[in-house]
Amino acid sequence: MSGSPAGAGKAAPRRSPGLDVDGLLDDPDMRVIVCCGAGGVGKTTTAAALGLRAAERGRRVVVLTIDPARRLAQAMGLVELDNTPRPVPGADLGEGGSLDAMMLDMKRTFDEVIEAHATPEKAEQILANPFYQAMSSSFAGTQEYMAMEKLGQLRARAESDPDSWDLIVVDTPPSRSALDFLDAPQRLGSFLDGRLIRILSAPAKAGGRAYMRVVSAAVGGATGVLTKLLGGQILRDVQSFVAALDTVFGGFRERAERTYQLLQAQGTAFVVVAAPAPDALREASYFVERLAQERMPLAGLVLNRVTLTQVEDLSAERAQAAAEDLEDVGGHALAAGLLRVHADRMRRRERERGLTTRFTGAHPRVKVVEVPARAEDVHDLAGLREIAISLAKG
Amino acid sequence: MPPDDEDPRSSPAATSAFGGVRLHVVTGKGGTGKTTVAAALALALASGGRRTLLAEVEGRQGIAQLFDVPPLPYEERKIAVAPGAGEVFALSVEPKAALLEYLELFYRLGRAGKVLERMGAIDFATTVAPGLRDVLLTGKVYEAARRRGPGGPTYDAIVLDAPPTGRIGRFLNVNEEVVGLAKVGPIRNQAGSIMTLLRSAQTAVHLVTVLEEMPVQETQDAVAELRAAGLPIGGVVVNMVRDPYLPARTLAGALAGRLDRDEVVTGLEAAGLGRRSGATSAARSARVGVLADGLLGEAAEHAARVRLEDEQRKELDVLERPTVELPALAGGIDLGALYDLAELLAEQGMA
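Protein chains in written order, with our numbering: chain A, 1 to 394; chain B, 395 to 745.
Treat the hints with caution; some may be incorrect.
[Claimed, not checked] Which chain A residues face chain B? A few, computed with CB under 10 Å, are given here:
#1 Gly152
#2 Leu154
#3 Ala156
#4 Glu283
#5 Val311
#6 Arg318
#7 Asp325
#8 Asp344
#9 Lys367
#10 Ala375
[Claimed, not checked] Below, in silico cross-link-like pairs of lysine to aspartate or glutamate (DMTMM-like), each with a Cα-Cα straight-line distance of 25 Å or less:
#11 Lys708(B) / Asp377(A)
#12 Lys577(B) / Glu498(B)
#13 Lys393(A) / Glu695(B)
#14 Lys472(B) / Glu488(B)
#15 Lys367(A) / Glu56(A)
#16 Lys708(B) / Asp687(B)
#17 Lys393(A) / Asp328(A)
#18 Lys490(B) / Glu112(A)
#19 Lys708(B) / Glu376(A)
#20 Lys708(B) / Asp183(A)
#21 Lys367(A) / Asp27(A)
#22 Lys107(A) / Glu570(B)
#23 Lys107(A) / Glu619(B)
#24 Lys107(A) / Asp711(B)
#25 Lys122(A) / Glu95(A)
#26 Lys577(B) / Glu124(A)
#27 Lys107(A) / Asp687(B)
#28 Lys393(A) / Asp687(B)
#29 Lys122(A) / Asp27(A)
#30 Lys577(B) / Glu607(B)
No lab work stands behind these hints, which were simulated from the structure alone.
Virtual Cβ for every residue (Gly too), placed ideally from N, Cα, C.
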């Protein structure tokens, strides 16, 4: 590009196979794309850019975002959190595609599940229970369950209504660990199968026998362990919550399992998103390994915010030395300043390269696409489109 | 490190904006370096013969990675020494162990704890109901903050590497939730005591950010959320600040594309760049021209970035919180860098 023979002849570092984003988006059998990765790596932006590009190439797309930055949400026309997919204004739909987007409202999604599975009076009982209210609106982790639930719902609608969507792009919650998203359904399952639920839901029955045994074994006093731990009132709330949820649980687990299977099925692809930073790449490594373990299909890694240079063949050391020489001589302040700017950029670039090479060395078959760092965040569809183009160019 | 002849215990606090604070909660958007800042702050607070505890609660083993030691067990252990015979201890709070410890401590439920574990209650409490996990994590931090040895508090300060800004309000406020759920009983009392500490002048929630739009926006949102919840906001730590390298006039010129290309070319030639043995002078000047164009392009991008950083700085000024800046370290963070950052935090009144 620079026309410099030295630049062209320099051996490029070992490269991973490139991720063919357009090939992925154009594949008509591809129905679900899940974007996952650590927090703060541009996951939501990547999901939105993939959705936009797919729609502009003719797919009928819905993008499920979890917690978009305000300006990104505005760029996609998401002004209110109403749990309903809405058309994104401004997408170029000349190829016959469509683009809808929605933000997840976890409490509302949870409420809807309860309403769909319980009798009206039971639903009312559950929704009014203080334990339920706390769990559905403010406890971390609920987001993961509800993201999975919503994905299942969107998928069901896409199946039954051929005019709706043929591609769902999902952003995942900003968890402590990207793995929480994968673990959520199974955790729910093991909880539901657990003995605790049986004990909690049946203390009044004679099954209270198991309960009594625990109580007497543990404390041997008049009050039970749980009562002592939790206080009588909270235990009653929990018990009535669990008892009321009893009827809903079957449906819950079934759905969680179905969504889990959907993630393993053909037509689903995971895109792991990272930035060239140690934490983000470590998370990406965990995730790649975990997906393989769960036999879930990995499309590749999107590496965001990569530092690029226009002067590849002038190393940090050389630029730094040249700047120092000029400053010693004096009189070339502009050139010296520019060389310092370049030296800093090259140091960052070399460090990023090192981190990326460590990842690709450990996962040589993972396809990678790099997206250059931008000075500004995305404010509009034009910005999103630029990112989409970088993604497609590889 | 120059020797410190003054009474080491009085000097750091005298200049700090957070002298009365014992629990420093450090949060920030993912990717802003909050673990690094928390670690540097723990080092800074330990200098001059103090003892601090650096605690993490997300099971990420970020502290161990930063200090390049094996993964931390659920046990407080010394991880670093600070200038002037200070000590930093570290703890990775693990919810399951915290729950069993809690049961033992409050109820002497040695065997019952095991029964509960077999029943799946421990799993339930620590994974399925993540809110309870937050109760346990904050409870353990509270315990460490309140613990006393023979000569006074075990730790002079606790630095908590807390969940990210998106989750911090919920995390710190979880005990309020518990107070609402449990109207009476021991859990309610414990939750109430934790909230009292978190809302007191002994606590400060520091926010780590970088000068980019999303993290700054999240910082503002978090400040509003914490204020509404009555939680005491500490300082704003602006991390990874880039050196502007160029004077303001040059930056403006770079943005406008008005820098003098000939001047750059002359300078590069003076530095001997673009020279190659055997190359003709025409080939040489073509090379220098390409180099100059590339550097001018990079300077324009750099200037755009510096301008954006200045805009974000103004956004942060609106918050009217003590603000400190830490530089971007192109080489990444190693132990030496951590001590440098600690010193910068202390110089700017964070410790």
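Hints and how they fare:
1. For Gly152(A), the shortest C-beta to C-beta distance to chain B is roughly 19 Å, which exceeds 10 Å, and the interface hint is violated.
2. Nearest Cβ of chain B to the Cβ of Leu154(A): about 23 Å, over the 10 Å cut. The hint is violated.
3. Because the closest C-beta pair between Ala156(A) and chain B is about 25 Å apart, greater than 10 Å, the hint is violated.
4. Checking Glu283(A) against chain B: minimum C-beta separation of about 9 Å stays under 10 Å; hint holds.
5. Against a cut-off of 10 Å between C-beta atoms, the interface hint on Val311(A) holds, since the closest Cβ of chain B lies about 4 Å away.
6. Interface restraint check: Arg318(A) against chain B, minimum CB-CB distance 8 Å, threshold 10 Å, status holds.
7. Interface hint status for Asp325(A): upheld, as the beta-carbon distance to the closest one in chain B is roughly 5 Å, under 10 Å.
8. Below 10 Å, beta-carbon pairs count as interface contacts, and Asp344(A) has one with chain B at about 6 Å; its hint therefore holds.
9. Because the beta carbon of Lys367(A) sits about 23 Å from the nearest beta carbon in chain B, more than 10 Å, this interface hint is broken.
10. Contact between Ala375(A) and chain B, as hinted, is supported at the beta carbon level, the nearest pair being about 4 Å apart and thus within 10 Å.
11. Taken as a hint, the Lys708(B) and Asp377(A) pair is honoured in the structure, with Cα atoms around 17 Å apart against an allowance of 25 Å.
12. Taking the CA atoms of Lys577(B) and Glu498(B), the gap is about 23 Å. The hint holds against a cut of 25 Å.
13. With a CA separation close to 21 Å, the supplied pair Lys393(A) and Glu695(B) stays within the 25 Å bound.
14. Of the pairs offered as hints, the one joining Lys472(B) and Glu488(B) holds, with about 18 Å between alpha carbons and a cut-off of 25 Å not exceeded.
15. With a C-alpha separation of about 24 Å, the suggested pair Lys367(A) and Glu56(A) falls inside the 25 Å cut-off, and the hint holds.
16. Straight-line distance between C-alpha atoms of Lys708(B) and Asp687(B) comes to about 32 Å, which puts the hinted pair past the 25 Å bound.
17. Using a Cα cut-off of 25 Å, the hinted pair Lys393(A) and Asp328(A) is violated, with the two alpha carbons roughly 43 Å apart.
18. At roughly 32 Å between alpha-carbon atoms, Lys490(B) and Glu112(A) are farther apart than 25 Å, so this suggested pair is violated.
19. Taken as a hint, the Lys708(B) and Glu376(A) pair is honoured in the structure, with Cα atoms around 16 Å apart against an allowance of 25 Å.
20. Restraint check: the Cα-Cα separation between Lys708(B) and Asp183(A) comes to about 41 Å, which exceeds 25 Å; the hinted pair is violated.
21. About 17 Å separates the Cα atoms of Lys367(A) and Asp27(A), which keeps this hinted pair within 25 Å; it holds.
22. For the suggested pair Lys107(A) and Glu570(B), the alpha carbons sit about 19 Å apart, so the restraint of at most 25 Å is met.
23. Our distance criterion of 25 Å between C-alpha atoms is met by Lys107(A) and Glu619(B), whose separation comes to about 19 Å.
24. For the suggested pair Lys107(A) and Asp711(B), the alpha carbons sit about 35 Å apart, so the restraint of at most 25 Å is broken.
25. For the given pair, Lys122(A) sits about 48 Å from Glu95(A) by alpha-carbon distance, which is inconsistent with the 25 Å threshold.
26. Proposed proximity of Lys577(B) and Glu124(A) is supported: the alpha carbons are some 22 Å apart, at most 25 Å.
27. Annotation: proposed proximity of Lys107(A) to Asp687(B) is violated, straight-line Cα distance about 54 Å (limit 25 Å).
28. Taken as a hint, the Lys393(A) and Asp687(B) pair is honoured in the structure, with Cα atoms around 24 Å apart against an allowance of 25 Å.
29. For the hint linking Lys122(A) to Asp27(A), the alpha-carbon distance of about 44 Å lies beyond 25 Å, and the restraint is violated.
30. Pair hint Lys577(B) plus Glu607(B) does not hold up; C-alpha atoms about 42 Å apart against a cutoff of 25 Å.
Violated hints, in rising order: 1, 2, 3, 9, 16, 17, 18, 20, 24, 25, 27, 29 and 30; the structure is consistent with all others.
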